[in-house]
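Protein chains: 2
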Amino acid sequence: MPELRKDPVTGRWVIIATERGARPSDFKSAPQVISRGFCPFCEGNEDKTPPEIAALRDYGERNQKGWRVRVVPNKFPALQIEGGLDKRGDGIYDLMRGIGAHEVIIETPEHVTTLTTLSAQRVEEVLVTYIERLNDLKKDKRFAYGLVFKNVGSIAGASLEHTHSQLIVTPVVPITVTREMNGAREFFHYRGRCLFCDMLNQESSSASRVVADGDEYIAFEPFASRFPFETWIIPKRHRSHFEVVPRAELRELAEVLKDSLVRIESALENPPYNYIIHSAPFNVAETEHYHWHIEIIPRLTKVAGFEWGTGFYINPVPPEKAADFLRDVGK
Amino acid sequence: MPELRKDPVTGRWVIIATERGARPSDFKSAPQVISRGFCPFCEGNEDKTPPEIAALRDYGERNQKGWRVRVVPNKFPALQIEGGLDKRGDGIYDLMRGIGAHEVIIETPEHVTTLTTLSAQRVEEVLVTYIERLNDLKKDKRFAYGLVFKNVGSIAGASLEHTHSQLIVTPVVPITVTREMNGAREFFHYRGRCLFCDMLNQESSSASRVVADGDEYIAFEPFASRFPFETWIIPKRHRSHFEVVPRAELRELAEVLKDSLVRIESALENPPYNYIIHSAPFNVAETEHYHWHIEIIPRLTKVAGFEWGTGFYINPVPPEKAADFLRDVGK
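Heads up: the sequence lines are chains A and B, in that order. Under my numbering, think of the first position of the first sequence as 236, with each following residue one higher. Under my numbering, think of the first position of the second sequence as 236, with each following residue one higher.
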């Protein structure tokens with residue numbers, strides 16, 4: 236059973252994989268490369284993953300062929316689904332059992348390495364699957380937060396190349412989300428408006444950092460981008476939770492997400508990247524001050540001592556220049 | 236002139252290198268490798284660095300041979316030393332000019348790739364140099380914070396292998412330091428004691444996570460280690476600022492730092508790593524609740540979407556096991 240331990244200085248939680256217990260020699264080999272041989276995510280290999288949790292299917296039974304999107308538990312889960320939290324102390328320290336969920340969303344039965352290979356309609360089905368899984372897991376009162384994320388490329392933490400996303404549900408609200416919510420709440424108290432709504436209005440009217448400006452969504456390079464070509468997608472309609480977005484609004488999101496990724500892949504020749512969906516915690520009611528969004532982070536620069544020690548980032552590409560490059564793709 | 240921009244959501248500052256303006260093609264090549272040819276940090280190549288700021292010397296003039304430790308400006312500084320801050324707004328955003336200092340501490344004239352090659356006495360001289368530079372830069376009232384850090388290995392952000400450290404001075408207090416200080420202040424208000432003093436007492440008495448327990452310093456694996464073999468060195472004597480540590484206490488620090496690095500290098504076969512020195516900001520008076528310390532971070536695991544999105548870390552080596560391995564080195 237993994238353990239959740241809290242850093243008493245910052246309040247940050249860490250998942251300690253007490254059972255896995257890697258040895259020093261496990262780190263001596265070269266970085267993991269993505270296997271190009273057998274792929275457990277391909278159609279026909281359904282018995283090589285843990286049993287299916289959900290799927291969108293054209294035909295076939297559970298754990299058989301015929302699916303378009305398939306959700307399975309992660310074979311090496313960061314958190315365990317069964318059991319109570321058993322919150323406790325150890326002197327000045329706080330810990331609990333590593334309870335949560337860790338699922339893999341296999342985005343297509345074909346062996347393709349990027350989501351952008353799929354049509355916008357099929358990307359929309361991936362988004363629908365995210366939302367269905369979040370709403371199902373939200374019913375479990377032990378859980379506080381669900382993060383949907385994607386790792387592409389070895390440097391960005393992927394261990395299989397077949398295009399997939401992941402969903403980790405945690406029993407405490409992650410510190411990054413708490414900090415975003417606190418910052419947005421402070422802005423709301425001071426100005427009486429949603430920070431993200433203000434941001435999308437300012438970006439849309441100045442346009443210098445905009446990559447795509449649609450009816451329902453805007454994609455732009457944030458003013459204080461931590462990383463070169465960091466791209467955020469913000470819905471124009473204010474909502475604090477991603478999992479309540481109605482189906483009618485997911486097609487344009489699929490189009491904007493696919494378009495942003497195509498531009499990044501094209502300008503940077505298929506870089507490693509992560510994307511994450513930030514949404515309000517499960518047990519927080521719809522609120523005026525928080526606004527769900529997607530952050531896409533190409534992994535082009537290294538995080539070194541200065542960044543770890545300060546939280547400052549050094550970005551060698553001004554976001555206005557990055558937006559120029561991304562807008563020019565395909566012209 | 237680089238620009239400092241503030242993320243309106245989290246309050247985090249980012250350094251935008253507006254002049255450097257890297258192009259997408261700059262990121263297409265393989266990761267930088269450390270040059271094994273000509274080395275600008277070696278004795279005899281003093282004219283290949285920007286002019287010397289300070290040095291500890293056996294003989295010779297400024298910018299000539301005869302030094303043991305040499306400090307020069309970084310050739311590609313993250314921040315510029317000259318000018319005013321020009322703090323201003325742009326709609327909802329805040330920014331200022333990228334003013335600060337960025338220095339390189341060359342730890343030895345010989346071409347060696349790790350600090351542990353040096354005697355404890357010479358490591359002590361490196362620490363003395365850190366302190367002298369911090370005290371000199373602290374006099375400039377534009378500056379709020381000085382971070383001493385070290386990058387070893389390409390993965391950890393080093394671009395030259397000749398052993399060196401860096402010092403970046405910023406005009407605002409970094410968010411990571413503010414968060415540590417806030418957490419420690421909260422603990423102090425609740426318990427009436429310094430969190431770090433409590434931590435070192437608990438670690439010293441339980442001993443399960445201790446790597447080395449000296450008269451003046453303790454080296455241990457923190458309870459909520461974010462990374463495998465993360466090691467902190469905390470002074471037993473409470474002080475909030477590193478730069479006021481008297482010379483008499485630096486020899487044991489040099490010994491404990493060298494010993495910790497030797498153990499990490501030996502157990503993990505010279506892994507990439509960073510270390511950082513966390514100290515209270517320049518303009519904060521000595522305080523009961525903050526306690527300077529060193530954090531050593533071996534760079535063995537990847538930071539992926541889950542970590543970026545939540546601030547959670549997944550550590551596959553329990554710190555108690557890591558301490559066992561590090562204590563066993565050389566036995």
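Keep in mind the hints are simulated off the structure, nothing from the lab. Keep in mind that a hint or two might mislead.
You can't tell identical chains apart in this list, so a pair holds if it fits in one copy or across any two.
[As the list claims (entries may be wrong)] Computed cross-link-like contacts, DSS-like style, restricted to lysine-lysine with a CA-CA straight-line distance of at most 30 Å:
id, residue 1, residue 2
1, K471, K241
2, K373, K537
3, K493, K241
4, K537, K283
Checked hints:
Within a single copy, K471 and K241 get their C-alpha atoms only as close as 36 Å, which misses the 30 Å cut-off; across copies the closest is 23 Å, which meets it. For the homomeric pair K373 and K537, the shortest alpha-carbon distance between copies (28 Å) is at most 30 Å, but the shortest distance inside one copy (35 Å) is not. For the homomeric pair K493 and K241, the shortest alpha-carbon distance between copies (29 Å) is at most 30 Å, but the shortest distance inside one copy (37 Å) is not. In this homomeric assembly, K537 and K283 come within 30 Å of each other (Cα to Cα) only across copies, at 25 Å, whereas the closest approach inside a single copy is 35 Å.
Checked against the numbered hints given earlier, the structure satisfies every one of them.
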